[in-house]
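> Heads up: the sequence lines are chains A, B and C, in that order. Numbered according to the numbering used here, the first sequence spans residues 1 to 262. Numbered according to the numbering used here, the second sequence spans residues 1001 to 1373. Numbered according to the numbering used here, the third sequence spans residues 2001 to 2443.
Calculated from the structure, these hints are not laboratory results. Glycine included, each C-beta is placed from N, C-alpha and C at the ideal position. Possibly wrong hints are sitting among the right ones.
[Claimed, not checked] Ranges between beta-carbon positions, derived for each pair:
{"hint": "1", "chain 1": "A", "residue 1": "Glu141", "chain 2": "B", "residue 2": "Ala1358", "range": "27 to 37 Å"}
{"hint": "2", "chain 1": "B", "residue 1": "Arg1181", "chain 2": "C", "residue 2": "Lys2212", "range": "55 to 65 Å"}
{"hint": "3", "chain 1": "C", "residue 1": "Lys2341", "chain 2": "B", "residue 2": "Thr1151", "range": "36 to 46 Å"}
{"hint": "4", "chain 1": "C", "residue 1": "Glu2184", "chain 2": "B", "residue 2": "Phe1088", "range": "24 to 34 Å"}
[What the hints assert, rightly or not] Here are the simulated lysine to any residue pairs, SDA-like style, with alpha carbons at most 25 Å apart:
{"hint": "5", "chain 1": "A", "residue 1": "Lys69", "chain 2": "B", "residue 2": "Asp1225"}
{"hint": "6", "chain 1": "C", "residue 1": "Lys2041", "chain 2": "C", "residue 2": "Asn2281"}
{"hint": "7", "chain 1": "B", "residue 1": "Lys1143", "chain 2": "C", "residue 2": "Asp2180"}
{"hint": "8", "chain 1": "B", "residue 1": "Lys1339", "chain 2": "A", "residue 2": "Glu208"}
{"hint": "9", "chain 1": "A", "residue 1": "Lys69", "chain 2": "B", "residue 2": "Tyr1226"}
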Amino acid sequence: MIVAGCDVGSLTGKAVLLKNGSILGSGIVPTTVKPERTANNALAAALQTCGLTLEEIEYIVGTGYGRVKIPFANANVSEITCHGKGAHSLVPSIRLIIDVGGQDCKVIKVNEKGKALDFAMNDKCAAGTGRFLETMARALELKLEEMGALSLQSKNPIAISAQCGVFAETEVVSRMADGAEVVDIVAGIHDAVASRIMSLVTRVGLEEDITITGGVAKNIGVVTCLERRSGVKSRQLPVDPQLIGALGAALLAEEKVQSGGK
Amino acid sequence: MSVPSTIAEAVHLPNPSIDRWRNEGKKVLGYFCSYIPDEIIYAANMLPVRMRAEGCADTPTADAYMSTTTCSFTRCVLELATRKEYQFLDGVVAYNSCDQVRRLYDNLKFKAPFPYQYFLSIPATLTDVTLEWYKHELSKFKKNLEDNFATAVTNDDLKRAIEIYNKSRDLLRELYELRKRERPPVSGTEVMNVLLASVTLPREEFNGLLASLLEVCRGREAESDYTARLMLVGSHLDDPEFVEMIEELGGLVVTDSLCFGTRYFSGLVDVNSAPLDALAERYFSKVSCPRMTGGHPERAKFVMDQVKEFNVDGVIIQRMKFCPTWWGEAFMLREDLKKLGVPCLELEKEYVLSGVGAMKTRIQAFLETLEER
Amino acid sequence: MSEELFKKYEEMAQEEWPEDLGLWKNLFLGNIALAKENLAKGMPYTPIPELQLEMFARIARARMSGKPIVMYPFNYGPELFYAMNVEPFMQEVFSVGLAPFRLNEPYIDLANQMGYGDNPTICNAQRPLIATYTRGDAPKSDLLFYLSTPCNSLATTYQVYSHMTGVPAFTLDIPYWSYDPSSEFYDEKTVDYVIRQLKDLVSWLEGRTNQKFHEDKFQETMNLVNQARENVMEFNDLLKAVPCPVNSLNGFANFMIMAFSGGTPDAVRMTKWMRDYAKGNVEKGVGGVPDEKIRIAWPYTHVFFDSQLFPWIEETFNAVVIMDILGHYHVGPHDTSNLDKCFESLALGTLDYSMIDTCRGPAEYYIDYLLRFVNDYKIDCVVMPIQFACKHIYAITNLAAEAVRREAGLPVLVFGCDPYDSREVPSEEIRGKIEEFITEIVM
Chain A
1 MIVAGCDVGS LTGKAVLLKN GSILGSGIVP TTVKPERTAN NALAAALQTC
51 GLTLEEIEYI VGTGYGRVKI PFANANVSEI TCHGKGAHSL VPSIRLIIDV
101 GGQDCKVIKV NEKGKALDFA MNDKCAAGTG RFLETMARAL ELKLEEMGAL
151 SLQSKNPIAI SAQCGVFAET EVVSRMADGA EVVDIVAGIH DAVASRIMSL
201 VTRVGLEEDI TITGGVAKNI GVVTCLERRS GVKSRQLPVD PQLIGALGAA
251 LLAEEKVQSG GK
Chain B
1001 MSVPSTIAEA VHLPNPSIDR WRNEGKKVLG YFCSYIPDEI IYAANMLPVR
1051 MRAEGCADTP TADAYMSTTT CSFTRCVLEL ATRKEYQFLD GVVAYNSCDQ
1101 VRRLYDNLKF KAPFPYQYFL SIPATLTDVT LEWYKHELSK FKKNLEDNFA
1151 TAVTNDDLKR AIEIYNKSRD LLRELYELRK RERPPVSGTE VMNVLLASVT
1201 LPREEFNGLL ASLLEVCRGR EAESDYTARL MLVGSHLDDP EFVEMIEELG
1251 GLVVTDSLCF GTRYFSGLVD VNSAPLDALA ERYFSKVSCP RMTGGHPERA
1301 KFVMDQVKEF NVDGVIIQRM KFCPTWWGEA FMLREDLKKL GVPCLELEKE
1351 YVLSGVGAMK TRIQAFLETL EER
Chain C
2001 MSEELFKKYE EMAQEEWPED LGLWKNLFLG NIALAKENLA KGMPYTPIPE
2051 LQLEMFARIA RARMSGKPIV MYPFNYGPEL FYAMNVEPFM QEVFSVGLAP
2101 FRLNEPYIDL ANQMGYGDNP TICNAQRPLI ATYTRGDAPK SDLLFYLSTP
2151 CNSLATTYQV YSHMTGVPAF TLDIPYWSYD PSSEFYDEKT VDYVIRQLKD
2201 LVSWLEGRTN QKFHEDKFQE TMNLVNQARE NVMEFNDLLK AVPCPVNSLN
2251 GFANFMIMAF SGGTPDAVRM TKWMRDYAKG NVEKGVGGVP DEKIRIAWPY
2301 THVFFDSQLF PWIEETFNAV VIMDILGHYH VGPHDTSNLD KCFESLALGT
2351 LDYSMIDTCR GPAEYYIDYL LRFVNDYKID CVVMPIQFAC KHIYAITNLA
2401 AEAVRREAGL PVLVFGCDPY DSREVPSEEI RGKIEEFITE IVM
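In isolation and in its complexed conformation, chain A is listed as follows:
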């Protein structure tokens, strides 16, 4: 039985194909203005990696902010539930998932079955998300991918207020004008992101094991700061962290078929 999960997010669309619990193929595509198109592109990319067709898929669960617009989805489930499911399926000891995406930041607590028990999401603007890091990279004329590693070089991080992405940009520019070291500012930025995320963790309650997913999971700087602040090491997932939502959706699709779901 082949099922699929499709996650239409704010920056990327993802799809995962699953057969009897194993990943057959996956795809990550940039988000377009139309969620339907993004979903189609993502699924097409995934199908291509394993040479399957849409008709061979028995059930598809959609997730992400564009989930209600996925034309081929049989059901839609929130990304909270999907991320929880997906991460837990890979490392069953996981109880806390910290997902830092392009615009969203969420912390999800799951039980021993991977079922979401509680969650917290960012309320105010982009501070604490990938968008914040993007804005900062632009302000500092750096490549986003470089930022994480760069931040680790600092011995003296400069505290940056993480209340608002827009104001933080002004602050960064003014610190640069003051002659501050770029590495120190970059370190401060990463710590600011981590601090925003930590307040969500506190809301839900820290419980080991934890894992960090989403686009920002690839940023070693943020991960390091989070681990330091929480005092806990993040478990690595054997799958691209960006695919976790789609994976969880696919697993739920599988459950639905197995239980004779509608």
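Chains B and C: place on chain A using the hints.
Here is chains B and C on its own, set in the frame of chain A:
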């Protein structure tokens, strides 16, 4: 099920009922919040209408006067007032329910004054001394109405108004009782409309409509299925669309602790005491608003009692962005509910529903966590 | 400050203090060091360093002797607590007091982490309270006292604190109305209402501590606070002179004196010193700011994290800031000849306290104060750096600015910031705005 069309009409401001009232030469007063006894206004033969800012899309003028980091409800009211959208009101009555309403009142006075404006100073604590002050303020208010509108408000007028309003309270309580059923005959969205109608229509008219609705409901079978029974808690919420958004995702709102809801109609006025005293005592001792400092334990207990009585699966706390009072209350209530193992979702919203996508994600996720509990 | 006094405090610091006074002792030592340093630099004397050190010492002594401590906010005078032999502890020490050293910022961050009141919803004057309690850094208080005004932020935070800690709280409800018969907002029951609640407060304190209310002690305390008030009122009058006889920071001194030690002989002595100092300067025609050119009204709080802001304004523009909204303590003095009069004075002092007088009621209280102030003090311009989270003032700022421009014809600068958090709107930006205003518009 569909609510009789007059109730659906009644939730808009203005509406045919208000027009009828005015055509009879009678006055309409807008008021803020549940500590101003609308009976006093009704006893003066005026229609009390709870202030709302329906249809306010943006607030450029209000932002300039009240700043953008204040409650969007108050900014919307100020904006509509500057655009003269409250022509159907002959006046407004407010009190120091919170800084933002207090300052809204000031801005209205200076920038978009109503023909009649009155302010009460209502205590934020409940003691014998403060209760007496509350009575003093109510007495002043009554006199001010009498002086300004060349009318007399006798004890009999007050008693009559109290009876009519007590009747509403009985009817609303009965409506809520029906929601205790496993398959409630009304949705939260429909009840929201009823609650809005209660503070918009002439009260006797409303009582009639609600009585008819109850007759229909008592024997009705519920139509739709739901995945979880929810309780809505929070501050000023007058938007049926918000409740609809939750219910479209599968939740069913079966009770609340809302300013327009139970906190408004719970507790009868004693008909055997002197009317102004009775009003003060009832309004002061009903389920309190978080503005009443020290009242949190009682409010939390009320929420827990409702959770038990209505068999609630999860509580949704919605609060207005930039509201300090409700930030504190939600902070405390979240902890209380956590300790008692009651699932809880906190939503921050603006007066005008926006960011629907993000809110739906949270609500849907919350409902999903309630599955298989 | 004398060698003896330093020695007394240093010896105190050598003793073993209770665990919850860990941070408190460090702050105490820091303040001693700072006072000594300033003395060595030859900075001119004011009673403020002594006032601050005594405040630290008082709380420590109370904790060590088991004297009950009542936490109170910065817009209420401590006299009744002194009268009842209960130690008053102003919790804003942790926000206002630490801000110049940016030591409050970790508490702001911790409050954020805890999910308590992200700016701009709740004022950072009170938020650190939640965090200092959580960290065990605040001296243990037995009781909590607060007002229902001037703002919801204060009332909410104290309510949350009481809930978290279980510390019993008493709220004093402040009426909206005026006690002045000539005011359109007059209500003849205003003062009586406050008096009755204050008497309830006395009973509450008696019930919660083992202290009893003594009429003699109360009357003595009220005499003292009113003597101090007399000095303050004279001082306020003296500042109307051109040039203003004191500098911008000294305009805040009397508020601190009354807020920390109103009702004690110290307050009388210190306010007298301030009055004499101002008087002396007026007689000599000396200004607090040399070659004073611009007189600024600042009807809001200081930018607490930037202790150099006022000195910078003074040096750069030869401008003086004449009493911010807190510095403008404007109470009494009242008759204290009998017990009833004493309670009346206590009530009037509560209603007229800094920021309560202007912000507890309609916008007119604030606007009228501002219009009177700019007239009496011959003000040239008005600067209002309003905290984003401060709804009760930010929501009438425009009304006030319009009134000043229209009726006094003065320029007004309004901008948002966070007086407690240097990271929100940094010093440079604030100075930039003030500079632009003064150079382009005022001069």
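> Are the hints correct? Go through all of them and say.
Verification of the supplied hints:
no.	hint	result
1	Glu141(A) <-> Ala1358(B): 27 to 37 Å	holds, 31 Å
2	Arg1181(B) <-> Lys2212(C): 55 to 65 Å	holds, 58 Å
3	Lys2341(C) <-> Thr1151(B): 36 to 46 Å	holds, 42 Å
4	Glu2184(C) <-> Phe1088(B): 24 to 34 Å	holds, 28 Å
5	Lys69(A) <-> Asp1225(B)	holds, 23 Å
6	Lys2041(C) <-> Asn2281(C)	holds, 22 Å
7	Lys1143(B) <-> Asp2180(C)	holds, 21 Å
8	Lys1339(B) <-> Glu208(A)	holds, 20 Å
9	Lys69(A) <-> Tyr1226(B)	holds, 22 Å
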